[in-house]
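Model the placement of chain B on the given structure of chain A, informed by the hints.
Listed in order, the protein sequences are those of chains A and B.
309 is the number that UniProt numbering gives to position 309 of the first sequence; each next residue is one higher, with no gaps.
49 is the number that UniProt numbering gives to position 49 of the second sequence; each next residue is one higher, with no gaps.
It should be emphasised that the hints constitute simulated quantities derived from the structure, not laboratory data.
You may find that some hints are simply not true.
[Claimed, not checked] So the derived label-pair ranges between C-beta atoms look like this:
hint, chain 1, residue 1, chain 2, residue 2, range
1, B, F129, A, P437, 51 to 59 Å
2, A, N455, B, Q191, 44 to 52 Å
3, B, M170, A, S341, 35 to 43 Å
4, A, A423, B, D189, 27 to 35 Å
5, B, V133, A, A395, 47 to 55 Å
6, A, G321, B, G256, 36 to 44 Å
[Unchecked claim] Partial pick of chain A residues on the chain B-facing surface, computed with a CB cut under 8 Å:
hint, residue
7, T94
8, G124
9, T139
10, N140
11, F169
12, D316
The C-beta atom is built at its ideal place from N, Cα and C for all residues, glycine as well.
Here is what each chain is made of, one letter per residue.
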Amino acid sequence: MTIESKTRQGILMNTTRARGAIIAVVLTFAMVLAACSSGSSSSGSSAEPGTKASGHTIAVPSDQPTIQGAVDAAAPGDLVLVSPGVYNESVNITTAGLTLRGTDRNTVILDGEFKLENGVRVLGADNVTVQNMTARNYTNNAFFWTGVRGYHGSYLTSYRTGNYGIYAFDSVDGQFDHSFASGSPDAGFYIGECFPCNAAIVDSIAEYNGLGYSGTNSGGNLVIARNEFRFNRAGVVPNSGSYELCYPERETTVVGNLVHDNSQADTPAIDVAKLAMGNGIIIPGGYNNLVMRNQVWNHERVGIALVPFPEDGPKDDIPTGDELKMPCSEARNLPLADKASLPGTLLWDAIGNRVEGNTVSASGIADLAFGTLTGTDDSLGNCFTGNSFTTSAPASIETTMACSNPSGAWSDKLDLVALIASARPDSGDYKVQPVPPAQPNMPDASTAPGQPAVNFPEKINIDSIPLPAKP
Amino acid sequence: MTAGAPTPAVSQSPRHLGALAQFGLVIVCVVVAGSAIVAGRSVSAAASVTGFQSIVQGTVPQFVVRCAFSHAATDDPIVFPGDPGASHRHDFFGNRTTDAFSTPDSMLGTDTSCQQALDTAAYWSPTLFDHGVPVVPQGADVYYRPGPRIDPTSVRPYPHGLVMISGDAMAMEPQSTKFVGWACGSGGDPQVAAPVCPPDAPLRLKVVFPDCWDGRSLDSADHHSHMAASVDGRCPAGHPVPVPQLQLTVRYPIHGEGHELNLAPGSMLGGHADFVNAWDQTELESQVRLCLNRVLVCGVISNKAEDVERPLPSRS
Numbered sequence: 001m002t003i004e005s006k007t008r009q010g011i012l013m014n015t016t017r018a019r020g021a022i023i024a025v026v027l028t029f030a031m032v033l034a035a036c037s038s039g040s041s042s043s044g045s046s047a048e049p050g051t052k053a054s055g056h057t058i059a060v061p062s063d064q065p066t067i068q069g070a071v072d073a074a075a076p077g078d079l080v081l082v083s084p085g086v087y088n089e090s091v092n093i094t095t096a097g098l099t100l101r102g103t104d105r106n107t108v109i110l111d112g113e114f115k116l117e118n119g120v121r122v123l124g125a126d127n128v129t130v131q132n133m134t135a136r137n138y139t140n141n142a143f144f145w146t147g148v149r150g151y152h153g154s155y156l157t158s159y160r161t162g163n164y165g166i167y168a169f170d171s172v173d174g175q176f177d178h179s180f181a182s183g184s185p186d187a188g189f190y191i192g193e194c195f196p197c198n199a200a201i202v203d204s205i206a207e208y209n210g211l212g213y214s215g216t217n218s219g220g221n222l223v224i225a226r227n228e229f230r231f232n233r234a235g236v237v238p239n240s241g242s243y244e245l246c247y248p249e250r251e252t253t254v255v256g257n258l259v260h261d262n263s264q265a266d267t268p269a270i271d272v273a274k275l276a277m278g279n280g281i282i283i284p285g286g287y288n289n290l291v292m293r294n295q296v297w298n299h300e301r302v303g304i305a306l307v308p309f310p311e312d313g314p315k316d317d318i319p320t321g322d323e324l325k326m327p328c329s330e331a332r333n334l335p336l337a338d339k340a341s342l343p344g345t346l347l348w349d350a351i352g353n354r355v356e357g358n359t360v361s362a363s364g365i366a367d368l369a370f371g372t373l374t375g376t377d378d379s380l381g382n383c384f385t386g387n388s389f390t391t392s393a394p395a396s397i398e399t400t401m402a403c404s405n406p407s408g409a410w411s412d413k414l415d416l417v418a419l420i421a422s423a424r425p426d427s428g429d430y431k432v433q434p435v436p437p438a439q440p441n442m443p444d445a446s447t448a449p450g451q452p453a454v455n456f457p458e459k460i461n462i463d464s465i466p467l468p469a470k471p
Numbered sequence: 001m002t003a004g005a006p007t008p009a010v011s012q013s014p015r016h017l018g019a020l021a022q023f024g025l026v027i028v029c030v031v032v033a034g035s036a037i038v039a040g041r042s043v044s045a046a047a048s049v050t051g052f053q054s055i056v057q058g059t060v061p062q063f064v065v066r067c068a069f070s071h072a073a074t075d076d077p078i079v080f081p082g083d084p085g086a087s088h089r090h091d092f093f094g095n096r097t098t099d100a101f102s103t104p105d106s107m108l109g110t111d112t113s114c115q116q117a118l119d120t121a122a123y124w125s126p127t128l129f130d131h132g133v134p135v136v137p138q139g140a141d142v143y144y145r146p147g148p149r150i151d152p153t154s155v156r157p158y159p160h161g162l163v164m165i166s167g168d169a170m171a172m173e174p175q176s177t178k179f180v181g182w183a184c185g186s187g188g189d190p191q192v193a194a195p196v197c198p199p200d201a202p203l204r205l206k207v208v209f210p211d212c213w214d215g216r217s218l219d220s221a222d223h224h225s226h227m228a229a230s231v232d233g234r235c236p237a238g239h240p241v242p243v244p245q246l247q248l249t250v251r252y253p254i255h256g257e258g259h260e261l262n263l264a265p266g267s268m269l270g271g272h273a274d275f276v277n278a279w280d281q282t283e284l285e286s287q288v289r290l291c292l293n294r295v296l297v298c299g300v301i302s303n304k305a306e307d308v309e310r311p312l313p314s315r316s
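Chain A extracted, bound-state conformation:
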């Protein structure tokens, strides 16, 4: 949409007002547009509010009795420092560059008492950091960023939440680290609807969730490294689908994680988690992901699998060519495919994924697996190499689907019917999932200055991340 048509829209929206008001609105609109473009030309300048710590601290409860009160009183770059206590609050943050921190991760507790929706919600405020606290008993999410550039969740503990634990949607340039998410029916950690995401989840633990990690239509410099995904229904499950924007899921690097015992039958679980139960790392319909040097063991079904995602009632067709290169900010403006041209079920195949150097054991169906429903298996560009494993489907997966000179002569691909056959236990109650043990505190929580979330994710040297040993 051009600036001219934006301005016209601005006029149309205000035709019920007096003529003078219209002129004022148009003038304001033009000024805003001018300011926006001049702002973007000087992006990264230190003058942008909220990109630097202000040095100002608001203490809870001594300066402000409630966290929300302190957040509302804060300016960009301020630090809100919360002392131990149980806070029955649902905190909304709309101030850029805020740092919200507990002085003690295990005793600064946000508690929704199964009545409040979200522990902390960051709403379109860039560069907000949330550190060193616990959120529990929320009907929706514990920690949630939406529509932001720049975010950091660090030393966070979430448990017993009705949807997600630690969650970023339609957000870029962020990182979750040293965090612990337990007891969500959807995902403990979730990064969705972004490309390129420029984000990372590192040094964290997810357990007793429907899914340890999930991300619909996310990717592009997205790194999931050095985490432990254990005792979830399923471990790491990113997927594609036109039911949300920025399809497909792609270019996510899953490296150096411990992924084990994700066959837990009594977790809370949405239906996808039930369907994915018993799988360690499974990528339904993802593109160009790297799955490297993960230690994966004890799964009822498969250790690492690339499978199709059949989407019923799709909203759009699968993007191709240049559309696949567009950042989400552009691709989201593309017109949808004509409804009549769409199939009843849209098949997202896993394409161009590389599975390398993992150690996988004790899987019920296969340690390594690839499945497709289309029959054009060898043209999808997925490959397996250098893994330590015992069973696979197809049987000689590192020969038939080798990363160089694949033989391609195979017919015993993963039996998808067997993969999702058999009844699954109903969802457990998220309100009764285990309480996590005390978790490590961030260093110098009481004295460190505010740390606006700029320059995230931190640089991660993928090559230096080893295969982790079993604990």
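For chain B alone, kept in the frame of chain A given last:
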């Protein structure tokens, strides 16, 4: 009754006024960009009443509430207040106390079947029968969005006590699927007749409420005329206040062949739904201000959240 003034998006202490001015500009830029995106996704160019939005979730700002089925009764506190048993049978969602005697004030602070405990509003729709037996709904999903191409920053919360009805219980002709229709699963667009649905995308009744208010009346004699639908992204002169476009989707465990369906009013054409705003008003205002006015997606209900077990894919 007047519409409440919009609350400022950011409140700051005086010592930061300079930074606030700059920051405010940043917010406006974000909002402008968001509006362009919203407009970019809407394709209809003809001047017409706009209702149902066939969109990918995440395209427009929204907040969502997921509610379990609460109870059924032959009550209707909007059409037959104080007259229990006078109505055809309704399925109630949200407020658990809704009956013929309910008022917006009596509902405040009571229990709800919604995941959002502060949503104590009442939602109801006619009971669906299969071979004459009431179908117990799986629940209802409620979407709150700006109306199609409405400037999201202009949307005001409903006043406490506002009531709305969308659809016509007595319809003998097909109603516009812009406002009432049947669909399979969350991805399906509404149709006049209930389609035969696959097991992983069962039957739903979708009802879209009008998104413009007259700014004065909480109700009207016909329970409709204080509200109107926007036209081409604008509220009509007599109904100048944009309010959230509420879409109620009632989910039924109905799929496959062999059903004989009818709605409580008698005909499957009589799809409708009712709403009484008994939200915790502070929370409703907060959601409108933080999510819709700031052009943000505060939650999604996607097809991954179906309650029904998916079938096995067939092998090629």
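Exercise. Is the shortest C-beta separation between N140 (chain A) and chain B less than 8 Å?
Worked result: holds (7 Å)
For this session: Indicate whether the distance between the beta carbons of M170 (chain B) and S341 (chain A) respects the range 35 to 43 Å.
Result: holds (38 Å)
Exercise. Between F129 (chain B) and P437 (chain A), is the Cβ distance one that fits in 51 to 59 Å?
Worked result: holds (52 Å)
For this session: Using Cβ atoms only, decide whether D316 (chain A) comes closer than 8 Å to chain B, and label the hint accordingly.
Result: Since the shortest Cβ distance to chain B is 7 Å, the answer is holds.
For this session: Please verify that hint: G124 (chain A), Cβ, nearest Cβ of chain B, below 8 Å or not.
Result: holds (5 Å)
Problem set entry | F169 (chain A) as an interface hint toward chain B, with CB separation required under 8 Å | holds (6 Å)
Problem set entry | Outcome of range test on Cβ distance (G321 (chain A), G256 (chain B); 36 to 44 Å) | At 39 Å between Cβs, range holds.
For this session: Indicate whether the distance between the beta carbons of N455 (chain A) and Q191 (chain B) respects the range 44 to 52 Å.
Result: holds (51 Å)
Exercise. Does T139 (chain A) pass the interface hint, meaning its C-beta sits closer than 8 Å to a C-beta of chain B?
Worked result: Because about 5 Å separates T139 (chain A) from the closest Cβ in chain B, which is inside the 8 Å limit, the hint holds.
For this session: Could you say whether the range 27 to 35 Å given as a hint is met by the Cβ separation of A423 (chain A) and D189 (chain B)?
Result: With a Cβ separation near 32 Å, A423 (chain A) and D189 (chain B) satisfy 27 to 35 Å, so the hint holds.
For this session: With a cut-off of 8 Å on the beta carbons, see whether T94 (chain A) makes it to chain B.
Result: holds (6 Å)
For this session: Check the following: the C-beta atoms of V133 (chain B) and A395 (chain A) are separated by a distance inside 47 to 55 Å.
Result: Since V133 (chain B) and A395 (chain A) have Cβ atoms about 51 Å apart, the given range 47 to 55 Å holds.
Taken one by one, the earlier hints all hold for this structure without exception.
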